[in-house]
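Participant: Residue-level listing of the chains:
2 protein chains.
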Amino acid sequence: MKRAVILLSGGLDSATCLAIAKAEGFECFTLGFDYGQRHKHEIECAKNLSPNHKIITIPNFGGSALVDNKIEVPKSGVTTEIPVTYVPARNIIFLSFALGYAEVVGASDIFIGVNALDYSGYPDCRPDFINAFQNMANLGTKAGGFKINTPLINLTKAEIIALGTKLGVDYSLTTSCYDPIGLDACGKCDACRLRLKGFAESGLKDPINYTAY
Amino acid sequence: MKRAVILLSGGLDSATCLAIAKAEGFECFTLGFDYGQRHKHEIECAKNLSPNHKIITIPNFGGSALVDNKIEVPKSGVTTEIPVTYVPARNIIFLSFALGYAEVVGASDIFIGVNALDYSGYPDCRPDFINAFQNMANLGTKAGGFKINTPLINLTKAEIIALGTKLGVDYSLTTSCYDPIGLDACGKCDACRLRLKGFAESGLKDPINYTAY
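Those protein sequence lines, which keep their order, are chains Y and R. Its first residue numbered 26, the first sequence is counted upward by one per residue in the numbering used here. Its first residue numbered 26, the second sequence is counted upward by one per residue in the numbering used here.
Hint data in this document are derived by calculation from the structure and do not stem from the laboratory. Accuracy of the hints is not assured; some may be wrong.
One copy or two, either will do: identical chains are not told apart, so a pair holds if it fits within one copy or between any two.
[Said to hold, decoys possible] Straight line, CA to CA, 30 Å or less: simulated DSS-like cross-link-like pairs of lysine-lysine: (1) LYS191 <-> LYS167; (2) LYS213 <-> LYS47; (3) LYS79 <-> LYS65; (4) LYS27 <-> LYS222; (5) LYS100 <-> LYS172; (6) LYS172 <-> LYS230; (7) LYS167 <-> LYS79; (8) LYS27 <-> LYS213; (9) LYS230 <-> LYS65; (10) LYS27 <-> LYS100; (11) LYS79 <-> LYS47; (12) LYS230 <-> LYS167; (13) LYS191 <-> LYS95; (14) LYS27 <-> LYS230; (15) LYS230 <-> LYS95; (16) LYS213 <-> LYS172; (17) LYS47 <-> LYS95; (18) LYS100 <-> LYS47; (19) LYS191 <-> LYS213; (20) LYS95 <-> LYS27; (21) LYS65 <-> LYS172.
This one's a predicted model, so the numbers in the text were calculated from it and none came from an experiment.
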């Protein structure tokens, strides 16, 4: 059975990514991070999605609304700029650990649920970046031959939700909100807006709770 | 004053790298890791070399003699194979954190003391890997424009020691041994052999202690 390391945050995209990797026949090793994110609730979601989930605690250097309570999470809508929720080098650090884990467990494949359509404009979600990471990874490791799989990269959020639903993903176990109120999603941050738009376009009902303003 | 992040392990190479970055006029932010290495003593050395040294604790996934006491550190001499002291994705993870730190403190430059001549054959020390990392880093970050500096890459160990001595590096504060006995170097592992060869060729005396067999 081929092995794969799946970056699993507990969000909608990575949960779908895990389901795709399983459907492709991979034995899946899921990996997530406690990096001081506001939405730490996602870690509990990831554990519920994957019983053998591995969590790595890493420090953050600040510089992002997702880890610094002094910087507000924008709530006015998705823009074309890279937002203040960008976390410096986040996916680079995540993929680097995934690579180390993959090399140790003998996995050839890494899955990451990045998306270049309904996304917030983060540079570490673009296809060019992923290709460059794969190239670097294969030059810098003993094992080599790694493939970074990004099955969601060209799908809309609605298409991701439709595919995940077909594969049996229970989206009630996932979270997306950057700034939850208790366990409820805020409904106003970029992540909530993209998720809600995706469910609306897919014609499906989002099973998670949103806070009542 | 231009800022740089310096990967500082506490070893001979990274100590020299720090001195070079300072000589080039950079304000230096040093970064090191506790990754479960046998030679944890190097962390104390790094602190002595740089008062504001930042240390990040990260888990290791095993798979290397440097972090797994069940795997013996080879003592019979440097070979042409990648040795069991290779740590999966180590420099990739280190450089990724350096990149995040650099982006947050506004540093454009990262220094890493990799060497492609008197080295152990690690894939994550090769020029091709470093170039690929820099390319990936500039595609995957908001700031972009990062330069990965490898001032030692084409120097012999003897040349590194001569240069560092000229720049005032106190090599008594450094360590290299993979498998120290107390605070004494073993004198037999690859790192000790390369260091001793370098000092011998440079005509200088190594100020650290080696264990008496």
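Participant: I'd like to know which numbered hints this structure contradicts. Please list them from smallest to largest.
Facilitator: When the structure is compared with the hints, numbers 1, 2, 4, 5, 6, 8, 10, 12, 13, 14, 15, 16, 17, 18 turn out to be violated.
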